[in-house]
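Engineer: Each chain is listed here by its residues.
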Amino acid sequence: MIFSYEIPLILLTLATAAGAIWVKDLISSVLLLGTYSFFLSLVWAWLGAVDVAFVEAVVGAGLATVLFLLTLFKTDPKDTRLRRPPPSLATLIVFPLLGVLLLYAASDLPEFGDPNSPASVHISPTYLERSYQDTHTPNVVTSVLMDYRSLDTMVETVVIFASGIACALLLRRKEK
Amino acid sequence: MIRPHDSIIVQTLGRFVIPVVQIFGLYVLFFGQYGPGGGFVGGVILGAGMILSVLIFGHDASRSQVARNVLHGDGVGMMIYAGVGGLCMIGGGEFLNYANLEIPGLETASRRSLGIVLTQIGVALDVTVTAVSIVFSLSAEEIIEDSING
Numbered sequence: 095m096i097f098s099y100e101i102p103l104i105l106l107t108l109a110t111a112a113g114a115i116w117v118k119d120l121i122s123s124v125l126l127l128g129t130y131s132f133f134l135s136l137v138w139a140w141l142g143a144v145d146v147a148f149v150e151a152v153v154g155a156g157l158a159t160v161l162f163l164l165t166l167f168k169t170d171p172k173d174t175r176l177r178r179p180p181p182s183l184a185t186l187i188v189f190p191l192l193g194v195l196l197l198y199a200a201s202d203l204p205e206f207g208d209p210n211s212p213a214s215v216h217i218s219p220t221y222l223e224r225s226y227q228d229t230h231t232p233n234v235v236t237s238v239l240m241d242y243r244s245l246d247t248m249v250e251t252v253v254i255f256a257s258g259i260a261c262a263l264l265l266r267r268k269e270k
Numbered sequence: 003m004i005r006p007h008d009s010i011i012v013q014t015l016g017r018f019v020i021p022v023v024q025i026f027g028l029y030v031l032f033f034g035q036y037g038p039g040g041g042f043v044g045g046v047i048l049g050a051g052m053i054l055s056v057l058i059f060g061h062d063a064s065r066s067q068v069a070r071n072v073l074h075g076d077g078v079g080m081m082i083y084a085g086v087g088g089l090c091m092i093g094g095g096e097f098l099n100y101a102n103l104e105i106p107g108l109e110t111a112s113r114r115s116l117g118i119v120l121t122q123i124g125v126a127l128d129v130t131v132t133a134v135s136i137v138f139s140l141s142a143e144e145i146i147e148d149s150i151n152g
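For the protein sequence lines, the chains are A and B, in the order given. In our numbering, each residue's number is its place in the first sequence (first place is 1) plus 94. In our numbering, each residue's number is its place in the second sequence (first place is 1) plus 2.
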């Protein structure tokens, strides 16, 4: 590899995430959040999860940004500036401790791409071997999502259905 | 109500870009079996194309029959998905076991492939309609004002 792009990528992801929190103007914050989603999708692609990267790029950087912006245009322009109190002492103590705890726990995780990790030996090999014969679908992710785990996907669709109905009920208050 | 955009550059560009976005959404939807993509992403891209057209060419959400009834598509998408599952049960198998779809002249694996395509269409319809309906809901200011005034 001539140019290692992983380090700048992770730095940009962290910088945009921090910027989306720090920036005072809400519209800038929304745009930074979209940028963050785009860099995050590049991270997914780097890790080999192309389907997840696609969803992240389209939903996070595209649709969510548009919906956030429409919401901001609908609300009062005065509300687009935030006034934040400084973080309390408990926050400053608890959150670094939580981070240290998570890093400590992360050292027990299996190596990335380890063929003997539990995720790789349990049922994934069966899916990878039998997916094409069973379903004639070259993309294993799709065959797992829509065939082997179809019931889960159906309930996810129910979630989208319910969210659409809830938005309509809350936002369209009265119709004649 | 969303008014049409004033700039002629935006309108001309929209006329050019929106069909490309829609075609790409359909491509992603039906190519999901062979590469990255699938019902969810395809539906979001289709919905994004429609949102773009609403934002560029304007839409009077308070008077449009489409805006009022667009949410019915949500139920249609769910019905396609659950209906495929029900057809599998009618065919004598478990819920959503596509091998039991009663289609003569297809082997088991091709039936599963067909079931995947059908359910993906259901998911895509649901996601598209939800995205467009949220945008219509956010632009339905006139309805509330009318009801307050009258």
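Since the hints were made in silico from the structure, they are not lab data. Using N, Cα and C, we set each Cβ at its ideal position, and we do this for glycine too. Be a bit skeptical, because a hint or two may be false.
Said to hold, decoys possible - Some chain B residues well away from chain A (every beta-carbon gap over 10 Å; in silico):
(1) Ser9
(2) Gly39
(3) Ile47
(4) Ala111
As the list claims (entries may be wrong) - What follows is a list of derived Cβ distance ranges for each label pair:
(5) B/Gly93 to A/Leu105: 51 to 61 Å
(6) A/Glu250 to B/His74: 13 to 23 Å
(7) A/Ser218 to B/Tyr29: 27 to 37 Å
Engineer: Hint by hint, say whether it matches the structure.
Structural biologist: Results of checking the hints against the structure:
Non-interface call for B/Ser9 relative to chain A: holds, since the shortest CB-CB distance, roughly 17 Å, exceeds 10 Å. B/Gly39, annotated as away from the interface, has a beta carbon of chain A within 10 Å; the closest lies near 6 Å. The Cβ of B/Ile47 does not lie farther than 10 Å from every Cβ of chain A; its closest approach is about 6 Å, which violates its non-interface assignment. Against the 10 Å criterion, B/Ala111 falls within the reach of chain A, whose nearest CB is about 4 Å from its own CB.
As the Cβ distance of B/Gly93 to A/Leu105 is approximately 54 Å, the hint placing it in 51 to 61 Å holds. For the pair A/Glu250 and B/His74, the beta carbons lie near 20 Å from each other, so the given range of 13 to 23 Å is met. For the pair A/Ser218 and B/Tyr29, the supplied restraint of 27 to 37 Å holds, since their beta-carbon distance comes to about 28 Å.
Of the hints listed earlier, those the structure fails to meet are numbers 2, 3 and 4, in rising order.
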